[in-house]
Amino acid sequence: MKKFLLGLLAFAVIVGLSLSNTYNKLVTKTQNVDGQWAQVETQYQRRFDLIPNLVNSVKGAFTQEQEVFGAIAEARTRYSGAQSVDEKAQAATQVESALGRLLVVMENYPQLQSNTTVLGLMDELSGTENRVSVERKRFNDVVKDYNTTIKRFPTNLIASMFNFDARAFFEAVEAAKEAPVVDLDTK
Amino acid sequence: MRKFLTAVILTVVSLSVLTKAVQAKDHPKPTGFVNDYAKILSASTKDSLEAKLEEFKNSTSNEISIVTLNSLEGDTIENVAVEIFEQWGIGTKKNDNGVLLVIAPNERELRIEVGYGLEPVLTDARAGTIIRTIITPEFKKDNYEAGIVSGVNAIIEVTSKDPTLFDTQTTTSTSNSSKLDALIFLGMSLIYLSAFLARSKRWWPGGVIGVILGLIFISLTGGIILGLLGLLLDFLLSKNYKKRKNLGLPVSWLSSMGGFSSGRSSGSFGGFGGGRSGGGGSSGSW
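Just so you know, the sequences run in chain order A and B. Here the first sequence is numbered in the working numbering, starting from 3 and rising by one per residue. Here the second sequence is numbered in the working numbering, starting from 413 and rising by one per residue.
Any given hint might turn out to be false.
[Unchecked claim] Partner residues are not named here, just some residues of chain B that face chain A (Cβ under 10 Å, in silico):
| # | residue |
| --- | --- |
| 1 | E490 |
| 2 | P532 |
| 3 | D536 |
| 4 | R538 |
| 5 | D579 |
| 6 | G686 |
| 7 | S689 |
| 8 | G691 |
| 9 | G693 |
| 10 | S695 |
| 11 | S697 |
Bear in mind the hints are in silico, worked out from the structure with no lab data behind them. C-beta atoms are modelled at their ideal positions from N, C-alpha and C, and glycine is treated no differently.
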C-alpha cells in the first residue's frame with residue numbers, strides 16, 4: 003500500500019512539474035511575440051521620424067504633384083493617432099503607400115538623384131524599410147513558433163486551459179503588392 | 413514499479429522536446445574573414461585582406477567579413493545578407509560590432525550589412541556613400557579587387573578612425589570631431605600604457621598608476637578602487653604577455669594589449685563572435 007502511494011505521489015509530482023514547465027514555456031513564447039512586435043513598431047517609428055527630412059529636401063524641387071505631400075502628412079497623422087496594434091499596423095501600411103508614391107514621383111527629377119543630401123536620406127529610408135521587413139520576418143518566425151507550440155499535443159490542452167490563443171501573422175497587404183501608379187497628367 | 417516510473421519519466425521528457433523547423437537557406441560555414449565563393453579575388457589579395465581583417469579584429473574587436481556569391485538564387489541581396497549575418501554571427505556577442513560585405517557579381521549587386529552595434533557609426537547614409545563613391549565606380553570598370561580593397565579600407569576608416577569621413581551633411585560633424593579626437597587620443601594612450609604595464613613582470617606599477625589617476629580625477633575612494641583595478645589589469649596583462657611570448661605570438665606594442673590569446677591552432681578559422689544585425693546598411697548595384 004505504501005509503495006503504491008509513493009508511486010502515485012511521484013507520478014503527481016512529475017505531472018505537476020511538466021505542467022508548470024509547459025505553462026512557463028507558453029508564457030515565454032507569448033513574451034517573445036510581444037517583444038518582437040515592439041521591435042517592428044520601433045522601426046515604424048524610425049521611418050515615421052525620417053519622413054519630414056526627406057519631404058523638406060525635395061519639396062522645393064517639385065513643380066507639381068504637391069498632393070503627394072498631403073497624402074504623406076495625412077498618413078503620418080493617422081499613424082501617430084493610432085492606438086491599438088491593429089490600427090497601428092494599418093496606419094503603417096498607409097504610410098508606406100504614401101511614401102511609395104513620393105518615391106515614384108522623385109524619379110522624375112534627375113537633379114534630385116545627384117543631390118548628396120537627398121541621396122543620404124534615401125539611404126536612411128531604404129535602410130529603415132529593410133529593418134522593418136527584417137523585424138517583420140522575425141515577428142512571423144516567433145508567431146509561427148508560438149502557434150505551433152500551442153497547437154501541438156499535449157501542450158494544446160494546457161494552452162486552452164489557460165487561454166493561450168493563437169496570434170496573427172503579419173500578412174502582406176494586398177494593395178502593397180501593386181506598384182503605386184502616379185498620374186502626372188491631371189493638372 | 414521501477415520500470416513504470418522510468419517509462420513515465422522518459423515519456424514526459426520526450427514530450428517536452430520541440431523540434432525546430434529550419435526555414436532559411438543554410439549557408440556554408442565561413443572559412444575565414446574572406447569567403448570568395450565567386451572566385452573573383454586573386455590568392456594574394458585574399459591573403460592580404462584576410463590578414464588585414466584579422467589585425468583589425470585583434471585591435472578593435474570589430475569583425476568585418478567579405479562574401480562573394482555565384483548566385484543569389486532568386487532571393488534579394490538584403491535577405492541573403494541578413495541570413496548569412498545571422499548564421500555566421502559576425503561581431504562580438506556583447507557589442508554586435510560586425511560588418512558584412514556581400515558581392516554578387518552575376519546579379520551585379522552588392523550590400524554592406526551593418527551589425528546593431530556599429531549602426532551609429534557606419535550609418536546607412538555612410539554605407540551608401542562608400543558604395544556609390546568608392547566601390548561601384550571600380551566595379552563598373554570590372555576592377556573587383558580594387559573596389560573591394562578600397563571599400564574595406566573605407567569601412568575600416570569609418571569604424572575605427574573617422575566616422576564622419578563620408579558624411580554628406582556638414583552641420584553636425586565639426587562639433588563632434590574634436591570630442592572624438594580627444595577620445596581617440598585617450599584610447600591610444602591607454603593602449604600604449606597597457607602595453608607598457610604588460611611588459612613589466614611586476615604588477616604594482618598598474619596599481620600605482622590606478623591610484624594616481626583615481627586621486628586626480630575622482631577622489632580618495634576612486635583612487636583606491638582604480639588602484640585595485642590597475643593592479644588587477646597589470647597582473648592580467650603581464651600574464652598575457654608572458655603567455656603570448658611563450659606561444660611565439662607577436663608581442664609588438666599594439667598587439668600585446670589586444671588579442672588575448674585563446675591558444676588556437678593556426679590552420680582553422682575559429683568562427684565569428686555571435687553578433688547580430690537588424691537589416692541596417694545599404695545596397696547598391698552596378
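Going through the hints against the structure:
Look at B/E490: its Cβ gets to within about 5 Å of chain A, closer than 10 Å, so that hint holds up. A distance limit of 10 Å between C-beta atoms decides the matter here; for B/P532 the minimum to chain A is near 13 Å, and the interface restraint is violated. With a cut of 10 Å, the hint placing B/D536 at the interface with chain A holds, because the nearest CB-to-CB distance is about 3 Å. With its C-beta approaching chain A no nearer than about 8 Å, B/R538 sits inside the 10 Å limit, and its interface hint holds.
For the restraint placing B/D579 at the interface with chain A, the shortest Cβ-Cβ distance is roughly 8 Å, inside the 10 Å limit, so the hint holds. The criterion of a C-beta within 10 Å of any C-beta in chain A is not met by B/G686, whose closest approach is roughly 17 Å, and the hint is violated. Taking 10 Å as the C-beta cut-off, the interface hint given for B/S689 holds, the closest approach to chain A being about 8 Å. Interface hint status for B/G691: upheld, as the beta-carbon distance to the closest one in chain A is roughly 3 Å, under 10 Å.
This hint holds: B/G693 has a C-beta 6 Å from the nearest C-beta of chain A, less than the 10 Å allowed. Satisfaction of the interface hint for B/S695 is found here, the shortest Cβ-Cβ separation to chain A being roughly 7 Å, below the 10 Å cut-off. Taking 10 Å as the C-beta cut-off, the interface hint given for B/S697 is violated, the closest approach to chain A being about 13 Å.
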